[in-house]
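Just so you know, the sequences run in chain order A and B.
Numbering that gives the first Met the number 0 puts the first residue of the first sequence at 0, with every later residue one more than the last.
Numbering that gives the first Met the number 0 puts the first residue of the second sequence at 0, with every later residue one more than the last.
Each hint should be verified, as a subset may be incorrect.
Stated by the list, open to error - Some chain A residues well away from chain B (every beta-carbon gap over 10 Å; in silico): (1) H52; (2) M66; (3) S67; (4) S82; (5) V99; (6) R109; (7) G112; (8) P124; (9) S138; (10) A172.
To be verified - Only pairs whose alpha carbons sit at most 16 Å apart, straight line, appear in this in silico EDC-like list of lysine to aspartate or glutamate: (11) A:K114 / A:D69; (12) B:K63 / B:E14; (13) A:K121 / B:D13; (14) A:K114 / A:E39; (15) B:K63 / A:E13; (16) B:K103 / B:D93; (17) B:K63 / A:D69; (18) A:K114 / A:E179; (19) A:K61 / A:E92.
Stated by the list, open to error - Short, incomplete list of chain A residues facing chain B, as computed with Cβ under 8 Å: (20) K32; (21) K61; (22) R139; (23) A141; (24) A144.
Everything labelled a hint here was simulated from the structure, so no lab data went into it.
All C-beta atoms, glycine included, are put in the ideal place defined by N, C-alpha and C.
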Amino acid sequence: MSNAVSALQGASFEGFVTVREIGPLGMISLRAKADVTGLEAAFAALGLTLPAHRQMTGTTDKGAGWMSPDEYLILVPYAEVASALASLGQSLEGQHHLAVDVSDARAIFRIEGAKAGQVVQKLGPIDVARLGPNELRRSRAAQVAAAIWVEGEGYTLVCFRSVAAYVMGILKASAANGAELG
Amino acid sequence: MLILECPCCGVMADETELSPGGEAHLKRFGPGSTDQEFEAYMFARKNPKGVHFERWRHAYGCGKWFLAARCTATLEVFGTYPAQVGAPPQDLQDKIKAKRPEWKGFQ
Numbered sequence: 000m001s002n003a004v005s006a007l008q009g010a011s012f013e014g015f016v017t018v019r020e021i022g023p024l025g026m027i028s029l030r031a032k033a034d035v036t037g038l039e040a041a042f043a044a045l046g047l048t049l050p051a052h053r054q055m056t057g058t059t060d061k062g063a064g065w066m067s068p069d070e071y072l073i074l075v076p077y078a079e080v081a082s083a084l085a086s087l088g089q090s091l092e093g094q095h096h097l098a099v100d101v102s103d104a105r106a107i108f109r110i111e112g113a114k115a116g117q118v119v120q121k122l123g124p125i126d127v128a129r130l131g132p133n134e135l136r137r138s139r140a141a142q143v144a145a146a147i148w149v150e151g152e153g154y155t156l157v158c159f160r161s162v163a164a165y166v167m168g169i170l171k172a173s174a175a176n177g178a179e180l181g
Numbered sequence: 000m001l002i003l004e005c006p007c008c009g010v011m012a013d014e015t016e017l018s019p020g021g022e023a024h025l026k027r028f029g030p031g032s033t034d035q036e037f038e039a040y041m042f043a044r045k046n047p048k049g050v051h052f053e054r055w056r057h058a059y060g061c062g063k064w065f066l067a068a069r070c071t072a073t074l075e076v077f078g079t080y081p082a083q084v085g086a087p088p089q090d091l092q093d094k095i096k097a098k099r100p101e102w103k104g105f106q
């Protein structure tokens, strides 16, 4: 079987900030309402914490994010997706939910540097200054859907794999030397 | 620029993150209705100058539908509320009435 590779095979760009495509990263889309019985325990069984409204818990390598009133994004190492899905299925058995492996349907980027906020700010309507430390904001990056959160000295951006090259292109333009704001 | 607060996720969503869904609170006339009722349901829409209730979808955010009350003349937003209601919440109606005394009320 062929090896799993990320959409852009780890492409990176050095401008006034660094843009890197990271991954492959295990991602599970879990559809379940917040009041589903055993939801918190299901997250705990994976070593995660159930994120509150519009929040993110854990890290990009292993974490969970609130995507909508009935959707969560679970991030685990790529090799652990199958076992995480099995664990979720067991924990939520009999409860109304849907868990799907979307690792290969998404692309994930890191935008790092002191002025990383400017790169994000230029791509869409996100009010970067008001973005909380553990807030996951779903919005758009230029013309495509994206989810963004702050982590360490930088931002993590998740988008669909089919638009990974487009997103890398706009991130490069936004992070190009000389394109700083102010 | 139109900015609406999504009542499902609480984000102050910019117009470009939203998809418009037309007039809110339409009553559906399906099988068994008369031709006139069905035609009105399909095509007849209010087009007021002033207070208007609309459907919006937070397409680039949480993906949920919600409703908004807005003035078509000044673009003032009176408020947003969840879509699972048959009529605008009373407190919102009171607020609109206070701001627009000439408004004939929701019908």
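Tested hints:
Separation of H52 (chain A) from chain B is inadequate, the least Cβ-Cβ distance of about 7 Å not exceeding the 10 Å criterion. Non-interface status of M66 (chain A) relative to chain B is broken: a Cβ of that chain comes within 10 Å, the nearest being about 7 Å off. Residue-level check failed: S67 (chain A) sits 4 Å from the nearest beta carbon of chain B, not beyond 10 Å. Its beta-carbon lying about 29 Å from the closest one in chain B, S82 (chain A) satisfies the requirement of being farther than 10 Å from that chain.
No beta-carbon of chain B is positioned within 10 Å of the beta-carbon of V99 (chain A); the least distance is around 16 Å. The Cβ of R109 (chain A) lies farther than 10 Å from every Cβ of chain B, with a closest approach of about 21 Å, so its non-interface assignment holds. Residue-level check passed: G112 (chain A) sits 25 Å from the nearest beta carbon of chain B, beyond 10 Å. A Cβ of chain B approaches the Cβ of P124 (chain A) within 10 Å, the least distance being about 4 Å, so the stated non-interface status is violated.
The claim that S138 (chain A) lies off the interface is violated: its Cβ sits roughly 6 Å from the closest Cβ of chain B, which falls inside the 10 Å cut-off. With a least CB separation of 18 Å from chain B, A172 (chain A) remains clear of the 10 Å interface cut-off, as annotated. Simply put, K114 (chain A) and D69 (chain A) have alpha-carbon atoms about 34 Å apart, too far for the 16 Å limit, and the pair is violated. At most 16 Å may separate the alpha-carbon atoms for a hinted pair to count; K63 (chain B) and E14 (chain B) meet this at roughly 15 Å.
With a CA separation close to 14 Å, the supplied pair K121 (chain A) and D13 (chain B) stays within the 16 Å bound. The straight-line distance between the Cα atoms of K114 (chain A) and E39 (chain A) is roughly 36 Å, outside the 16 Å bound, and the hint therefore fails. The suggested pairing of K63 (chain B) with E13 (chain A) is violated, with an alpha-carbon distance near 37 Å, which exceeds 16 Å. A C-alpha spacing of about 12 Å is found between K103 (chain B) and D93 (chain B), which places the hinted pair at or below 16 Å, so the restraint holds.
Among the hinted pairs, K63 (chain B) with D69 (chain A) is consistent with the structure: their alpha-carbon atoms are about 10 Å apart, no more than 16 Å. Our distance criterion of 16 Å between C-alpha atoms is met by K114 (chain A) and E179 (chain A), whose separation comes to about 8 Å. With a CA separation close to 23 Å, the supplied pair K61 (chain A) and E92 (chain A) exceeds the 16 Å bound. Of the supplied interface hints, the one on K32 (chain A) is violated, with its beta-carbon coming no nearer than about 12 Å to a beta-carbon of chain B, more than 8 Å.
The beta carbon of K61 (chain A) is not positioned within 8 Å of any beta carbon in chain B (closest approach about 24 Å), and the interface hint is therefore violated. The criterion of a C-beta within 8 Å of any C-beta in chain B is met by R139 (chain A), whose closest approach is roughly 4 Å, and the hint holds. A cut of 8 Å between beta carbons decides the hint on A141 (chain A): the least distance to chain B is about 10 Å, and the hint is violated. Because the beta carbon of A144 (chain A) sits about 5 Å from the nearest beta carbon in chain B, less than 8 Å, this interface hint is met.
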